[in-house]
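Asks: Here is how the chains run, residue by residue.
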Amino acid sequence: MALIGIELPQVGESVTEAVIGKWLKQPGETVEKFDALVEVVTDKVSMEFPAPHTGTLKSIIAEEGETVPMGAVIAEMDVDDAIAQAAVEASEKQAEAPAPNLVGTLIQGANVGPTGGTFRDTALDDQLAERAPAASMASASPPVTQTMAGRSYSPVVSRLAAANGIDLSTVTGTGRGGRVTKQDVQAAIDAGPESAPAPATTPVVHEGPLGEDRVIEPSPIRRMIADHMVRSVNEIPHAWSTIEVDMTGLVACRTAQRETFRERHGVDLTFLAFTAYAASHALRDNPLVNSSWEDGKIRLKGRVNLGLAVAAPDGLVVPVIHDADREGISGLAKRIAPLVERARSGSLALDDVQGGTFTLNNTGTLGSVLGGAIINHPQAAIVTTESIVKRPVVISGPQGDAIAIRSMMNICLSFDHRIIDGAEASAFMQNFKRGLEAWNTDSELN
Amino acid sequence: MPEMTVIEAVREALREEMERDTTVFTMGEDIGARGGVFLATEGFIDQFGAGRVIDTPLAEASIGGIALGAAVNGMRPVAEIEFGDFIWPAVNQIIGEAARVRYGTQGRRTAPMVLRVPYGGGVRGGLFHSQSIEVAFAHQPGLKVIAPATPYDAKGLLKSAIRDDDPVIFFEHKRTYRLVKGDVPDGDYTIPIGQADVKRTGSDMTIVSYGLVLHYCLEAAATLAEEGIDVEVVDLRTLRPLDTGTVLESVRKTSKAMVVHEDTKAGGIGGEIAAVIAEEAFEDLDAPVKRLAGPEVPAMPFSPLLEAEFMPSAEKIATAIRELAAY
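Here the protein sequences line up with chains E and W, keeping their order. For the first sequence, position 336 (counting from the first letter as 1) is numbered 336 according to our numbering, and the numbering increases by one without interruption. Take the position in the second sequence, starting the count at 1, then add 1000; the result is the number in our numbering.
Simulated from the structure, these hints should not be mistaken for lab results. No false leads were slipped in.
So these bits of chain E aren't anywhere near chain W, every CB distance computed over 10 Å:
| hint | residue |
| --- | --- |
| 1 | Thr56 |
| 2 | Ala72 |
| 3 | Arg264 |
Listed below are several chain W residues computed to face chain E (Cβ distance under 8 Å; list not exhaustive):
| hint | residue |
| --- | --- |
| 4 | Arg1124 |
| 5 | Arg1178 |
| 6 | Leu1179 |
| 7 | Ser1255 |
| 8 | Phe1282 |
| 9 | Asp1284 |
| 10 | Leu1285 |
| 11 | Asp1286 |
| 12 | Ala1326 |
| 13 | Tyr1327 |
All C-beta atoms in this analysis are idealised placements derived from N, C-alpha and C, irrespective of residue type, glycine included.
Next up, chain E with everything else stripped away, as it sits in the complex (with noise of 0.2 Å):
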């Protein structure tokens, strides 16, 4: 034998509950399958609910005169096993489907105009929410995606556009595909005709008299930059960790090799390169600095995409070097002048910008020795190369400790501190040390 619940059926359209009448049968009594149960009282019908299986019933759950809901378990019986099996695999079947007949609550209160009351149909809700979005009736319109290459505006665009002398082709687009919409267009004709040609990037300025404050109206980019700034330190716990790397070798190998190099590949051979080509090892070799937090689970990148970030006229940009560990010193030299060009000039493509897993800031060229920098969201970590300045420096030798004048550079890292603690934090940066300190003179450029 085995227990189970009656569950109050569905009688009838349109009826949520139901009261419960006078039980029929009592505790401890034989019920035969379609023996009268109890009476149920709905406000549309009465009846008589006819036992849904042989057996006895054990208990009394839903009293009389009780409310209940459609589908509440009003009462227990004592069935066979195989009786039982057979109910628990038609109630799973049951629970599959939504029951929107029975389950809605009302929400009180909520915006209706002078009626009030809107409810939730929390059987739906849930059933769907189980289930992949809707895709039959959501997709039911043919999708909006379409290829703005060509700029094509929407009639109210073009209305707007053309009353207010906006040339369309400055106006930076936020819609799918970089389609411009209404709130660009009314966003440009707000910024004013004087800053019409590139109205995000020049901030508008309000005079006041001499003395006096002034309020700066911040480009889009420049809210972008606040906005991501704020959701990383908001949601990232940040730690930082700096290290002297000396830079004395790899100073020389690049005064050396220089010109060489420059013939031999037309680039610049720049201190990024090498830092990028260390940076990228180190990456590879401590997966935990190049991953990201998301949802509560660690998620180790797949590939070393090195961001660089960039000083650009508007702000802050990172373009990003994909797969940067396969690539050797030249094929980085090659691969960062023209993508820091199209930065500085404003003219990254997107594929440029994303898919980032580590960002890497050279604020050395800005005279900066120390950093505290904020990661960017939601890579782990970031690190930053300061200036490298000759300081006088205790070295250990054979014979014994000197004071020598060495090129150095401190690097700072600022990590996740969800992910990493100091000894991943550590490791790394002791890993980019070696690959800073590797070099020298005759050193072979890969």
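Take the given structure of chain E and dock chain W to it, following the hints.
Replies: Relative to the frame of chain E, chain W by itself:
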């Protein structure tokens, strides 16, 4: 203000009209002794007597014909078609005759009749108790077609329908009967036929809907508000004559529009709304007008899973809104 369900609002409107005007009477299958299958006329036979609360045979053609005959002879019948799915035998009486009375007599006669028609799915009614048939009547000049979504609108519009001098088809969504509750003012009030109602104001896009699905639209709009998408929701309330003014005013403001209904898509109300927008508000559009509607199958499936697939839901609507917002 007392809170009531849609079915209670319908009952109150009909009761008050029958108390107010002795030419108003009601008829239909099981509406007398049984009080109607949905209990719209519960207690009426005791209050008004069998002379004004008439049980009819299961014969929709007769119901339509008797109502029309009474109407053109000075009465104001309110006939119930038990389920909209069964209305088809009465189509000749409704469309072939009643819709043409005023036009055919050059205004000398009118047919002040109301057909109350429970319709719509999501009630496990299967093929023959779930249909959305409103568009067949909304197509017909000479008729007025109403489909309220809330108790407040149901009461005010049913009163207007009963007092109107032309035939009115009054569609009541079965699923809203007991599920949708709302405040209804005490006493007599009417809502003009042919006026849509902005149930939620917003600036990013306009959703046009009616009936049960309107509530799903409002639910989706509330969800999207949290995502920063500000949706305006227009409740048509009347399907003929359409309140194109309210729709156009909203679309001119938001520049994006989507129509949502439970009825199937091709040839539906959504197509008419989309066409009106294209004709009248083309220069204000920033995206194609979208339609989210039932799939092109002949009837509501019986399987609960398939029924859920057929019916629009807040989630499906929210997905469509996101797509349109991103356009």
